[in-house]
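Top line first, the protein sequences correspond to chains E and B. For the first sequence, the positions run 1 to 114 when the working numbering is used. For the second sequence, the positions run 1 to 835 when the working numbering is used.
Every clue listed holds true.
Dumping the calculated DSS-like pairs for lysine-lysine here, alpha-carbon to alpha-carbon at most 25 Å:
1. B:K612 - E:K52
2. B:K821 - B:K605
3. E:K52 - B:K625
4. B:K676 - B:K779
5. E:K96 - B:K821
6. B:K576 - E:K87
7. E:K52 - B:K576
8. B:K258 - E:K96
9. B:K779 - B:K790
Derived contacts from chain E toward chain B, CB cut-off under 10 Å, selection only:
10. P25
11. G29
12. I32
13. I34
14. N47
15. H62
16. T67
17. S76
18. L83
19. V113
No lab work stands behind these hints: they were computed from the structure. For glycine and all other residues, C-beta sits at the position ideal for the given N, C-alpha and C.
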Amino acid sequence: MMVEAKWIDIGPVEQLPALGARTLPVQGGQEIAIFRTATGSIHALANKCPHKDGPLSQGMVHDTSVTCPLHNWRISLLTGEALGEDKGCVPVIPVKVDAGRIYIERVAALAGVA
Amino acid sequence: MNAPVTIDDKQEHASPHERERLVVIGNGMAGCRAVEEILSRDADRYAITIFGAEPRVNYDRIMLSPVLAGDKSFEEIIINDQSWYDDNGIELVSGDAVIAIKREAREVVSASGRVTPYDRLLIATGSDPFIIPVPGHKLSGVITFRDLDDVDKMLTAAETGGHAVVIGGGLLGLEAAHGLSLRGMKVTVLHLMPTLMERQLDEAAGFLLRSELERRGQTIITQADTAEIMGDSHVTGVKLKDGTEIDADLVVMAVGIKPSVNLAKTAELEVERGIVVDDDMVTSDPAILAVGECVQHRGACYGLVAPLWEMCRALADFMTSDPSGYVGSVTATKLKVSGINLFSAGDFSGGDDTEDIVMRDASRGVYKRVVVKGDRLIGAVLYGDTADGSWYFDLLKRQEDISDIREALIFGQAFASGGATLDPDSAVAALSLDAEICGCNGVTKGQVVACIDGGANDLDSVRAGCKASASCGSCTGLVESLLSISLGEDYGGARTVTPMCQCTSFTHEDVRRNILEKELKSIPQVMQELHWTTPDGCASCRPALNYYLLCAWPTEHEEDPQSRFVNERMHANIQKDGTYSVVPRMWGGITTPNELRAIADAADKYEARLVKVTGGQRLDIFGIKKEDLPSIWADLNAAGMVSGHAYGKALRTVKTCVGSEWCRFGTQDSTGLGIKAEQMTWGSWMPHKFKIAVSGCPRNCAEASIKDLGIICVDSGYELSVGGNGGIHLRGTDFLCKAETEEAALEYIAAFVQLYREEARYLDRTAPWVERVGMDYIKGRIVEDEPGRKALQERFLFAQSVHQKDPWAERVAGAESHLHKHIAEIRPFAILEPA
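Bound-form chain E, shown alone (with noise of 0.2 Å):
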């Protein structure tokens, strides 16, 4: 049943402070950030900034883009581009919200789990 679903259930929207983050660890995987927008969107990237592998779940979150904590570059929460002259590209994982629940693609979240 779990094993089939297309989505898994990572619990309620207010868990994630508007303009926050929270850290989703896939064992044997990459972890994931999910993040808040002030408008209330929810979207997840992998937890690796492509300039240094910056924890972006630490960032600050503003517009729909957030900071990379250690050399302040923007990325994109959806397309996980790297914005402004910075170029590098961060995994975007599927997320979708469901009666107040967060939902996040299993194949999308479990890439590169062994």
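Chain E is already provided as a structure; the job is to place chain B on it using the hints.
Frame of chain E; chain B shown alone:
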């Protein structure tokens, strides 16, 4: 269609047998509008029966709010009275709900047992209010806001006054709150999300709305999670998950609606969130159609009235053999609260490929934001001035190419449609001389032009000369246009001063002055009043604003953790591998065997990969995971140590030498003074990090001459110097003054720190600040002006009475615990419950 005729037929119309029988379940807005649309196309095609659960004729449900508020009576919101049913030969069965659909027999059964056959059935059951199943939700006095009965209950409750709690800060909840408030109840609105009406409004507009409602006497609590509704038989109060209790004589649940699908589900029609329909509004049974809030079309359910009209048109086209097809709706929202103008439409969640155009007019309380993607308008939020709402909505629905009017789009239809005047300069040139340019100071175009003719040749001289653009700054663009028109090639262009960041045209100094003058107390308020051009700032201005506000209003400022750099949010220093380093405070660099043991134990217990003595005479424990921070802090707290603030734009360390107590050269107790200075200044937030050192003699072993504030002890007292830096640009301190006693030295220290806190730009160390303002200025404020110095000291000590507390102890006690926990954890093929 050939169903048998067994109808209990009171209809006077002739030959119902020849007509198809249409039965409508739902006497609400959708059901009746569908019937009206069908009648207008072919009045004779169907014999129509409408079932309604409410014992009354069809009324305009969206006007219940004005009825509650006393702006309208029930009679005024009736859409179709009894004569409409009679004139059109419609049989109305009100107060008798349909309880079953027998699809094979093609008949419906009502609560009273009446069996009615149909050829076509239309389901228009609308939606049900969503009830949060908290303890106490069935108590008397807990109601929803859906129909006239609910309004009657609210009016009855309001007659005796008292407290009302509205759960839900969306459209419906706020309208209920407004009505109850006007009826004399003391109203508290509880909203789960941080922003009111977050689905329709962005943060900035939500903030303005909240301020206005609070001004009108409502209490608004956001991020309020209801735990329980209290009371024995009748409600007495509401308890939140954080323990807050609010008195209540009436609780209105207005958290949302869900499509009413039970009837359809029991009849085994295809139902997901709503009853699934195709573009002709036909359900999975070709004889059954559905329309309104109960349906799901192309994956979308709608809770607003406009889509309903569009669905009804498509339905009627199909049912009169001229199918047109419904393609879904773009929706717009207006709040029906008198005196508050608010409009939102489309998608305003932003994105990389979208562009925000924001205009704020603080003096009129206006916030406008339009979102453009490519050459199309895709969303709009308007607060305060919604006159152009329908124009934007029209552009949005018709997907018009707006590239030609892009520059002027935000100014609205009158401006953007002005034909040839699309270049902003020519639009300004076309204004008459008595047109007002600056609303704050009432300056006309003629006055600005006269000021420019009188010699003003840049923005600052216009501001100084005639006050235009000198207050809120929103007319800066207009003034610059006038400069450019009047001076032509002689205009040097925009100012050379550097604004705070790309979100604003104001400098740091302008922003700080405005925060004080206008008594701005929150980040959204600053952004609104000072016309920020982005919806929620950037990583550069947000921490600065947070600091300026806490410095200006120590007691009133509400900390915004999301506007802190990671180290200050986590109270530890992030390292390149994402772990943290932890530095406990050691007063004046003095430690004890017990403290050292606790540090050693903590380093072992949390598997620190390195312990390092810092340049500021402290011990830095490296490689701590964010989840372990609260426990290592608890261990260090238990040994009597507090946060060392090695992570903060704050007082870092006071470095000392051993001084006269041990050293044969020592002239004064430098360690003692260092400890006193550190105990006075620790925990204070500053524009940047701040280091102090006290050396016991001019040999200066504590390296006081490269600190933000250095003290060198001499036989006759203490020499204070400031503005040193050992960083990228080595800078020795400049002499400030000499103090004869410790007490006097501490007074100078407090005054200097406060002057730096109040006047330096965020992220300026003391060195560049001292160079910019000059030592003469600083001496003038600190040394020569004794009352001024004492006032600075007093303000500093007052701020310290608020801010000097150990953030580690607060976190150990559970504050902001989500920052140290994962939201959940995925293990392949299993998931742990959220933390």
